[in-house]
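Q: Chain by chain, the residues:
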Amino acid sequence: AQTVTQSQPEMSVQEAETVTLSCTYDTSESDYYLFWYKQPPSRQMILVIRQEAYKQQNATENRFSVNFQKAAKSFSLKISDSQLGDAAMYFCAYRASGNTPLVFGKGTRLSVIA
Amino acid sequence: DAMVIQNPRYQVTQFGKPVTLSCSQTLNHNVMYWYQQKSSQAPKLLFHYYDKDFNNEADTPDNFQSRRPNTSFCFLDIRSPGLGDAAMYLCATSRGRDQPQHFGDGTRLSIL
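Each protein sequence line maps, in turn, to chains A and B.
Under this note's numbering, the first residue of the first sequence carries the number 1, and numbering increases by one thereafter.
Under this note's numbering, the first residue of the second sequence carries the number 1, and numbering increases by one thereafter.
The hints are simulated quantities; they were obtained by calculation from the structure and are not laboratory data.
Note that CB positions come from ideal geometry on N, CA and C, so glycine has one too.
Be aware that a few hints might be false.
A few chain A positions that, by computed beta-carbon distances, are all more than 10 Å from chain B [claimed, not checked]:
1. M11
2. V13
3. E15
4. A16
5. T18
6. Q56
7. T60
8. R63
9. F64
10. N67
11. Q83
12. G85
13. D86
14. S111
In silico DSSO-like links for lysine-lysine, alpha-carbon gap of 30 Å or less [claimed, not checked]:
15. K17(B) with K52(B)
16. K17(B) with K38(B)
17. K73(A) with K38(B)
18. K78(A) with K38(B)
19. K55(A) with K44(B)
20. K73(A) with K106(A)
21. K106(A) with K70(A)
22. K17(B) with K44(B)
23. K44(B) with K106(A)
24. K55(A) with K106(A)
25. K106(A) with K78(A)
26. K70(A) with K55(A)
27. K44(B) with K70(A)
28. K78(A) with K55(A)
29. K73(A) with K55(A)
30. K52(B) with K38(B)
31. K38(B) with K106(A)
32. K73(A) with K44(B)
33. K78(A) with K44(B)
Derived Cβ-Cβ restraints for the label pairs, each shown as a range [said to hold, decoys possible]:
34. A16(A) with N56(B): 45 to 53 Å
35. D62(B) with E10(A): 34 to 42 Å
36. A71(A) with K17(B): 49 to 57 Å
Bound conformation, chain A alone (with noise of 0.2 Å):
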């Protein structure tokens, strides 16, 4: 079965400086997709970032990139120039291709300090 590993619980950073999140995986598929999803306090879940696993080179949405190790099974996301909105919980999700559950990581939270 297909797991996903977030080691740290709880990260803080300070604003304008740069965090990096880590998260690991466990799988046999070698066609699948990998996410980073935000969740604010009370707020909805929504989708930061989106790498197909067929491809080499790290995704980028403005301030948020991963570095994607496929051999090493490991996917972090790094947020440069952090800002007060980006506290959040901050969850990992790998889903195989076909019809296949999305399946998380058990989070990390992450706090910006000012």
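Following the hints, position chain B against chain A.
A: Showing chain B alone in chain A's frame:
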């Protein structure tokens, strides 16, 4: 311009009293999902609909049922809620199973 709408945001019910949570979408997506998220835990998929095709996760209790009367609406029915069913329930949609999911704000269910 909310696209996935869950009502109500907070729901309180009594132990054993049936409760229904609702979800609607304006995205015209084919797939609708229901997740259960307990405090400080990851969301857990309960089931999903691809159009009218219902897909239940193997470990979803029989106490949980779902209905999708049309493309826009999907309901989660809990027939006899127990204290362990208190959680946030998240609805999500996607255009296809391979597409990113869009989440609603969730309904926080409390059991008295």
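Q: Given the hinted pair K17(B) and K52(B), is their Cα-Cα distance within 30 Å?
A: Holds. K17(B) to K52(B) sits at ~27 Å (cutoff 30 Å).
Q: If we take the beta carbon of S111(A), is the closest beta carbon in chain B still more than 10 Å away?
A: The claim holds: S111(A) sits with its nearest Cβ about 15 Å from chain B, beyond 10 Å.
Q: K73(A) and K106(A) were given as a pair; does the straight-line alpha-carbon distance stay at or below 30 Å?
A: holds, 17 Å
Q: Is it true that the CA of K38(B) sits at most 30 Å from the CA of K106(A)?
A: holds, 11 Å
Q: Given the hinted pair K78(A) and K55(A), is their alpha-carbon gap at most 30 Å?
A: holds, 18 Å
Q: Taking 30 Å as the top limit, are the C-alpha atoms of K44(B) and K106(A) close enough?
A: holds, 10 Å
Q: Given the hinted pair K55(A) and K106(A), is their alpha-carbon gap at most 30 Å?
A: holds, 25 Å
Q: Does the hinted range 45 to 53 Å hold for A16(A) and N56(B) at CB?
A: holds, 47 Å
Q: If you draw a straight line from the CA of K73(A) to the CA of K55(A), is it 30 Å or shorter?
A: holds, 14 Å
Q: Hey, is R63(A) genuinely clear of chain B, shortest beta carbon separation above 10 Å?
A: holds, 19 Å
Q: The output says G85(A) does not contact chain B. Does that hold with a beta carbon cutoff of 10 Å?
A: Holds, since 17 Å exceeds 10 Å.
Q: Would you check the hint for K17(B) and K44(B), treating anything up to 30 Å between C-alpha atoms as holding?
A: OK: K17(B) and K44(B) at ~23 Å, within 30 Å.
Taken one by one, the earlier hints all hold for this structure without exception.
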